Amino acid sequence: MNKKTKIILGAAIVFGLASCGGNVEEKTNDENALSGDIKIDGSSTVYPITEAIAEEFRTIAPDVKVTVGVSGTGGGFKKFARNETAISDASRPIKDKEKLACEENGINYIELEVAYDGLAVLVNPGNDWVDHLTIEELKKIWEPAAQGVVMKWSQIRDGFPDEEIHLFGPGVASGTYDYFTKAINGEEGASRGDYTASEDDNVLVQGISTDKYGLGFFGLAYYEENQDKLKLIGVDGGEGVVTPTEATVADGTYKPLSRPIFIYVNDKAAAKEEVVEFVNFYLELVPEIAQEVGYIALPSTEYAKQREKFKAFLPTK
Amino acid sequence: MTNAQKNRLIDKGFQVFGIVCTFFGLVILAILIYNILEEGLTRIDWDFMKDLPSRRPQKAGIYTAVMGTVWILVMTTLIAFPLGVGAGIYLEEYGKKTKLASLLEINIANLAGVPSIIYGLLGLEIFVRIFKLGGSLLAGSLTLSLLILPIIIVATRESLKAVPSSIKDASMALGASKWQTIWNQTLPASIGGVLTGVILAISRAIGETAPLIVVGALAYVPFAPSSPMDEFTVMPIQIFNWVSRPQHGFAVNAAAAIIVLLLITFIMNGIAVYFRNKWQKKVKW
Chain A
1 MNKKTKIILG AAIVFGLASC GGNVEEKTND ENALSGDIKI DGSSTVYPIT EAIAEEFRTI
61 APDVKVTVGV SGTGGGFKKF ARNETAISDA SRPIKDKEKL ACEENGINYI ELEVAYDGLA
121 VLVNPGNDWV DHLTIEELKK IWEPAAQGVV MKWSQIRDGF PDEEIHLFGP GVASGTYDYF
181 TKAINGEEGA SRGDYTASED DNVLVQGIST DKYGLGFFGL AYYEENQDKL KLIGVDGGEG
241 VVTPTEATVA DGTYKPLSRP IFIYVNDKAA AKEEVVEFVN FYLELVPEIA QEVGYIALPS
301 TEYAKQREKF KAFLPTK
Chain B
1 MTNAQKNRLI DKGFQVFGIV CTFFGLVILA ILIYNILEEG LTRIDWDFMK DLPSRRPQKA
61 GIYTAVMGTV WILVMTTLIA FPLGVGAGIY LEEYGKKTKL ASLLEINIAN LAGVPSIIYG
121 LLGLEIFVRI FKLGGSLLAG SLTLSLLILP IIIVATRESL KAVPSSIKDA SMALGASKWQ
181 TIWNQTLPAS IGGVLTGVIL AISRAIGETA PLIVVGALAY VPFAPSSPMD EFTVMPIQIF
241 NWVSRPQHGF AVNAAAAIIV LLLITFIMNG IAVYFRNKWQ KKVKW
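So the sequences go chain by chain: A and B. Counting from 1, one number per residue, gives the positions in the first sequence under the working numbering. Counting from 1, one number per residue, gives the positions in the second sequence under the working numbering.
Because the hints were derived from the structure by calculation, they are not lab data. Do not take every clue at face value.
To be verified - Computed footprint of chain B on chain A; a stretch qualifies when at least three of its residues, placed anywhere within it, have a C-beta under 8 Å from a C-beta of chain B: (1) 45-51; (2) 57-66; (3) 195-203; (4) 212-225; (5) 285-298.
Remember, predicted model here, so these are calculated numbers, not experimental data. All C-beta atoms in this analysis are idealised placements derived from N, C-alpha and C, irrespective of residue type, glycine included.
Between the sequences and the hints, there should be enough to build the whole structure, so can you do that?
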């Protein structure tokens with residue numbers, strides 16, 4: 001008997017749980033306290049910034065439930081286009097196909113730049129023959145035609161050792177890969193396939209730091225945290241060698257391997273006060289936060305512009 | 001060499017092979033646990049358990065992830081246990097041995113080997129979109145239930161099969177109905193095996209990341225869920241997220257979270273083993 005009641009009880013709980021699904025908690029609207037939900041999803045590159053902002057936002061609006069997912073830029077836009085999220089994190093601008101999906105569902109949005117991310121090219125600290133590479137040399141290494149052909153350092157520049165080159169880079173699903181291939185090889189997603197790929201940049205750090213003949217690329221933040229294990233090399237984009245630093249990324253001289261990162265805000269969500277507050281708070285705080293989590297802030301005039309842009313986007317009351 | 005000597009040699013050889021096999025897994029596990037303990041043990045304190053996610057590794061905690069995992073665990077068990085055991089009993093005790101039955105059998109065995117991300121996609125389409133449950137705990141639990149159902153069904157059937165037919169025959173001979181036989185004899189006798197299957201299945205479920213990410217589990221959730229429709233995060237996602245961050249402090253956090261996750265698994269298993277032993281003792285043939 002005892003067991004029977006247990007099982008019946010169990011079943012009752014399951015159905016009970018299932019049936020109370022429809023109820024959404026009533027939100028009490030205090031006059032000066034903001035409340036509500038803000039759903040954010042998208043790029044894992046932008047995630048650390050958004051997470052930090054959401055964390056700080058708790059202190060001024062503790063009743064607003066901000067949640068952040070990491071579906072990737074593409075995955076984030078899919079949800080965004082289905083009106084499932086209010087804000088989408090993106091490490092590249094929205095694609096035409098994604099724009100179309102938003103249009104079909106009647107979703108208007110605004111794109112706001114929030115910071116820069118520099119892509120660093122790195123070698124092992126034991127590598128004493130490279131201090132910079134030109135864009136052409138990087139292309140020679142990474143272009144699709146290099147697969148199985150460019151296998152040795154000596155093929156890249158005269159005077160480099162006759163040793164095998166070992167390549168490390170982010171996996172094809174990442175926005176970082178998209179950006180690098182576009183900037184270096186001229187076409188998004190086009191590169192050789194015979195390199196060690198990982199979505200986890202720490203794996204790349206590990207790889208390059210233990211391989212004297214390794215070379216790879218990833219976000220500058222990962223170099224900053226591992227300076228003792230890696231050697232950063234400058235890139236010559238045609239106007240002399242530039243090493244990525246906060247200054248060279250921010251003023252745009254580190255070309256073409258620095259990119260802006262974005263948030264996209266849904267117009268229906270922007271009709272809600274808590275979302276407006278959050279975005280304003282975001283733009284206000286992001287210069288400081290960006291540095292803290294390893295990205296580079298836009299010039300302050302640029303933030304003013306983004307704020308204006310957002311203000312103009314809001315429905316006039 | 002005589003035949004006997006040869007056989008003894010083979011015997012000895014196989015014994016050594018068996019020992020190596022046994023220790024291979026254990027040694028790897030020990031190294032892993034040692035590494036994680038070394039890195040993460042000092043990080044675990046009460047604050048770590050009750051803090052919310054944060055960009056500062058020293059301030060970040062796993063409260064919401066633990067709560068999410070506990071919710072998922074309980075709900076998945078509540079859904080998958082009755083369904084799985086029920087299906088197992090039907091297939092073993094009631095189902096006729098027809099072509100359809102053997103087809104079902106093959107399919108269930110195959111389902112147990114389907115990659116978990118496929119279940120994630122299924123859950124996304126059916127529970128999240130068609131049933132409109134959103135990226136909620138309920139959608140996540142239902143998805144994980146699907147994932148572990150085949151394991152529970154197979155385990156249930158195997159342990160029902162192991163009950164000697166003399167027990168069932170005796171029960172029937174005394175005039176018990178089929179239901180009475182199953183409920184009073186077969187099930188109690190096989191409950192140990194059934195529970196083992198359920199434990200293994202649940203342990204698998206709480207380590208899953210991929211299907212939950214697909215279903216819509218999040219990385220940053222600053223509140224503990226209060227209803228099955230709430231959004232959530234779970235520990236494996238938090239660990240995954242921390243491992244991929246550039247700052248070393250997050251790697252320490254990840255190690256600490258892994259220890260907590262291991263502890264939860266051990267405690268869960270411990271409770272289940274306790275019940276299994278308790279119930280198994282009652283059965284005497």
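- Message: Please list, smallest to largest, the hint numbers that this structure does not respect.
- Response: none
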